[in-house]
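Asker: Could you build all of it, start to finish, from the sequences and the hints given here?
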Amino acid sequence: MVNPLKPSERMRIPRQAPIEQPPAIRNHNFEEVSLGFNEDLVTQEALRCLDCKNPVCIDGCPVSIDIPAFVRLVVEKKYLEAAKKIKEQCYIPAITGRVCPQERQCECECLLGKKHKPLSIGKLERFVSDYERLYGDNTPPEIHARREEKIAIVGTGPAGLTCAAELAQRGYRVTMFEALHAAGGVLRYGIPEFRLPKAILDVEIENVKKLGVEIVTNFIIGRTATVDELLDDFGFHAIFLATGAGSPNFQGIPGENLPGVYSASEFLTRVNFMRGYLFPEYDTPVKIGKRVAVVGGGNTAMDAVRTALRLGPEKAYLIYRRTKREMPARAEEVDHALEEGVELHELTAPIRVISNDGRWVSKIECVKMQLGEPGSDGRRKPVEIPNSNYILEVDTVIIAIGQNPNPIIQATTPNLASTKKGTVVVDENGQTSREGVFAGGDLSRGGATVILAMRDGKLAATSIHQYLEKKAVEHHLAKTAVS
Amino acid sequence: MFEIVAKESLAPVLTKFVIRSPFIARKRKAGHFVILRVDDHGERIPLTIVDSDAESGTITLIVQTIGKTTKLLSLKEKGDTLLDVAGPLGNPTPIENLGTVVCIGGGVGTAEIFPIVKALKEAGNRVVTIIGARNKDLVILEREISEVSDTLIIATEDGSRGLKGLVTDALSDYIQSNGHIGAVYAVGPIPMMRAVSNFTKPFDLKTFVSLNPLMMDGTGMCGACRVTVGGETKFACVDGPEFEGHMVDFDELIARNRAYADLEKQSLERFERELAEGGLIHG
Ligand SMILES: Cc1cc2nc3c(=O)[nH]c(=O)nc-3n(C[C@H](O)[C@H](O)[C@H](O)COP(=O)(O)OP(=O)(O)OC[C@H]3O[C@@H](n4cnc5c(N)ncnc54)[C@H](O)[C@@H]3O)c2cc1C
Ligand SMILES: Cc1cc2nc3c(=O)[nH]c(=O)nc-3n(C[C@H](O)[C@H](O)[C@H](O)COP(=O)(O)OP(=O)(O)OC[C@H]3O[C@@H](n4cnc5c(N)ncnc54)[C@H](O)[C@@H]3O)c2cc1C
Ligand code: SF4
Ligand code: SF4
Ligand code: FES
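Protein chains in written order, with the working numbering: chain A, 1 to 483; chain B, 1001 to 1283.
Since the hints were derived computationally from the structure, they do not count as laboratory data.
Each hint can be trusted.
Cut-off 25 Å, straight-line C-alpha distance, at most; resulting in silico cross-link-like pairs (DMTMM-like, lysine to aspartate or glutamate):
| no. | chain 1 | residue 1 | chain 2 | residue 2 |
| --- | --- | --- | --- | --- |
| 1 | A | Lys287 | B | Glu1269 |
| 2 | A | Lys287 | B | Asp1040 |
| 3 | B | Lys1029 | A | Asp233 |
| 4 | A | Lys290 | B | Glu1252 |
| 5 | A | Lys420 | B | Asp1239 |
All values derive from a computational prediction rather than experimental measurement.
Answerer: In structure tokens, the structure reads:
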């Protein structure tokens, strides 16, 4: 069955709204907020696609998924084939369908969006990959050629997992090293359950293991073993570094180290990773009090403020120095946060954290901002409005103003070029300044996105394969020259 | 899983564990620590690596029972396993030959200073070690430390062993009757490290302290361990844990370490109740 509707009829169908938990209920639980589409909704939505001759949506997707092709399969109710189509380009669609900033990528380009609302590509992607997880054939692909070379992948976030899967399928012996006690990177310790259920991540990690990839947790490269030891002592032939950008920035304002001031990473790790919300059943404590202020406007800030809200404060403020429009977070998350009762203080910057007794935070002093001239990044720079200071009474402050790579690998790997911000420098193939050592994801980009991390993982896999092929040829030539 | 291959009680609240962890044993240096988790519901806690044996692939930890997690750990026996042990973390203590050095350990800090004493001695220093404890029963590692120190001074608060008084009294006596000291290393309770730093400051005597803020990941990812040193924020797990004592904001550290005191107390009481009722929920 091809799409039976004429373009004009397709355009008359409204963009389908996904099923969601109502705000007043979901802000008290950690279950998934968006339940996505059911089969009726998915069909309706898929019928909207104009199947364009020049599908510009594909240009918007960082990994160039053939969107009209998979949507056509959805119209035909061939969900497993649709999933397969997506997986030609994207290894983890159940995750990207949930967390990609679609409104700035695929959906931003969609032709339907010019006059109407764009196709809900992310939700379609999510539906078919969830369908595949439930009803598809989960036996791992057969690996034909076995290779002797061993590859070490450092970090188990989306970049590392993708690279591992690609290389394992090419027959390489792949070992992943993870500093923490569980794999998944930010997908595990950062993005909360209500946005990305961990059961989905667990399946993706299992799939990688089924390909024969070994995952070693509690193993910190640069500490437990260095990059050079992996190459020289452990006998790895190539390395992919994908350790992310986990180290939180602070503003440097007075009072920022008071008890009760968290980085978003600490707060989210306490709650999501260590299950602080189940204290004392779980041992890691977390405190939120009656009023919490979160500073920032990215995904991390949204996740922090919505996680905080679920711990039951009376007020959750979101303090952002530009306006809602400029927030780098996914639009859906900003909307969800506001629906759930987050109070937005836009055009506001904190200048001081105050404690009444020196033991715990009690106030945060803010100043109002206005948007001035565009800065080097093209965004209008916020400037302080003199004498507009005001004070918010708070029990907790969470700072979510960005992260940089942690310094361990850069500090322990000689001749590994990195920038002032700590990101590792790579060429167009993902190779670092060290031979046989590749890098990607947030480690080379600074805080970016899941899909870009995935793309880097894929690129590195291809580059590593080429590098090792070349080595093998060289080795062979050297041998024949000797004999 | 990390097996406990030996356990020994050193004092009423101090227990020594030898744990199989070959990779860490191979790499660890004086000043390193691990972060461990006893079980799936557990907290991640930092503990100094007191000693290691690369050949048998083991590390030694000495743990003071203070709250829920250390209590749970103290109940583990030889043959039991720990779920997670990660390390070696932190920067190793910079070890140089400085002539004469003074090492001070207070309480469980005596265990933490031991590897530093040993390394300084191996580097050719004349090492004077001062052990401080509340009373004679809490003096640990006396034999091990005396073997690697040129001089060992013991100070107890009640005078039941060695000098009666605090480690700073012992340090004061030593400084007055002896010549040049290259540096002082102090590990122990925060008030002790502060007292030592305050004491050495007028002498312009380089003093290193090993800070023990709350930690979680130990890899620079959370900032829970941040401390103010010389007016700048540092992450103790990647920038430390050792810092120059004269630069450290000890008040801030004390306040930050108290952040969860109420919840920690609750957690410990709940655990002790469970133990008394004989129904361990997990562990
Ligand atoms: C709270 C939050 C919400 C986000 N929301 C979104 C979103 O909605 N959509 C989106 O596209 N992006 C989002 N992002 C960004 C996205 O998560 C990252 O861009 C992505 O995870 C980067 O992937 P990565 O594989 O490079 O690294 P990471 O996911 O950061 O994984 C790195 C892994 O390496 C490990 N590691 C670090 N150092 C070492 C070492 N020395 N040895 C061994 N292991 C080490 C870390 O523990 C970690 O597990 C969010 C980020 C955060 C923090
Ligand atoms: C780098 C480093 C090395 C350490 N080495 C050792 C060691 O070798 N042996 C050892 O016994 N302990 C050591 N500690 C301290 C140890 O980590 C804590 O005692 C432990 O985390 C307490 O856990 P708990 O659940 O038993 O107690 P909690 O319930 O967490 O705490 C009980 C009480 O102890 C205080 N406290 C909590 N954490 C710390 C801390 N990190 N430092 C000081 N006081 C704390 C709390 O304020 C609370 O009042 C070290 C800490 C650091 C940061
Ligand atoms: S991977 Fe992301 S950008 Fe690409 S089609 Fe899917 S949701 Fe859109
Ligand atoms: S641009 Fe939009 S309408 Fe056109 S093919 Fe892509 S998704 Fe369909
Ligand atoms: S313990 Fe998390 S940054 Fe140091």
